[in-house]
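Novice: Sequence:
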Amino acid sequence: WSQSPPASQFPVPFSHYQSDVLHILSHFLQLKSRRKNYCFYAVVFGCIMAVGLPLNAVSLWILLRHHSLQSPSAVFMVNLAISDLLLVISLPMRVYFYATGTWPLSAMACLLISMSFRNNIRCSSIFITFICMDRLLAVVFPLRSRHLRTSSNTWKAAALVWLCVVVVNIPESINFSECLQNLTESGRNATCFEFPRNPSPNRSPIQYFQPVLVFTMLTINVVCTALVSWTLSKRLSDSAKVNNKVNVMLIFVMNLVMFTVCFLPVSVGLLTADKTVLTPLVCLAAVNCCLDPLLYYFSLDAFWKKKEDVELAREQ
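Those letters in the sequence shown? Residues 857 to 1172, per the working numbering, in order.
Check each hint, because a few of them may be wrong.
[What the hints assert, rightly or not] Here are the simulated lysine to any residue pairs, SDA-like style, with alpha carbons at most 25 Å apart:
| hint | residue 1 | residue 2 |
| --- | --- | --- |
| 1 | K892 | G957 |
| 2 | K1090 | F1154 |
| 3 | K892 | T956 |
| 4 | K892 | L1137 |
| 5 | K1012 | A913 |
| 6 | K1012 | L1069 |
| 7 | K892 | F1065 |
| 8 | K1012 | V1068 |
| 9 | K1090 | T958 |
| 10 | K1012 | L1074 |
| 11 | K1012 | F997 |
| 12 | K1012 | F1065 |
| 13 | K892 | V996 |
| 14 | K892 | S1085 |
| 15 | K1090 | L1112 |
| 16 | K1012 | C1035 |
| 17 | K1012 | S1001 |
| 18 | K892 | I969 |
| 19 | K892 | A906 |
| 20 | K1012 | P948 |
| 21 | K892 | P948 |
| 22 | K1090 | A1015 |
| 23 | K1012 | T956 |
| 24 | K1012 | L925 |
| 25 | K1012 | R921 |
Please keep in mind that the hints were generated in silico from the structure rather than gathered at the bench.
Using the sequences and the hints, build the whole thing.
Specialist: Listed below in structure tokens is the structure:
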């Protein structure tokens, strides 16, 4: 009889191989699912870019050429269209990233594109709220608000918005760069638009700026909608002077939908830093640049008419 081989020479148990196979299979399925999601994101951002670029470019051209920038709403819409265009022109790099899975540019380019998205959400929420407040003043307080609804005040408010947004970008950019550097030094896989969950439990106060801002703007929109609705339904003698009452209420409803569907979810999602949750919310939020032209159409009477025709119709 031959001697039995040492215990170390026995074949590896089948359960060990089974565990390795399951691990490899799970990793393969995750990569396949990730690739499928990436293709979906590339298609979504590509469609948003294809629709949003011509819509906002044409809207901006019409606002500048056919409408006087003396109207508060027109001024805010011009700034809103510019904000949307800045977002749209940054989408090609998102499409490239999700189509190829690689980021060919520098970390600074990633920073600029990421900030352009956040700036769009903030500028859009503020300018839409300003448009909502302008409609409120025009409908509820038409006479007492004339000294407020001037071209000078409107341009000052728009300039202040852009200044505040840029100032907020400074500490955000510093935090963003530090996070990217820490992930790179620790050897963790991090590319543009796809970051692991934030490893630091301590959050900077600036990270709560956007959720607080969006929630505040949403609250103002809800109050404005309630006041205008009450005015149009109860004070019939005053509301009789308001043209296109259905359009007025439709504007407020569209604003609330954009806040609750596009702005608020992604603003809260930014606090999680979880790419599985955040990326779909970013896709949903980017749709707002395709919806804003509808706001211009319903907000301005005779949107497609020339400026001279609009002024003549008002005089008559």
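Novice: Any hints from earlier that this structure breaks? Give me their numbers in increasing order, please.
Specialist: Failing hints, ascending: 7, 9, 13, 14, 16, 20, 22, 23.
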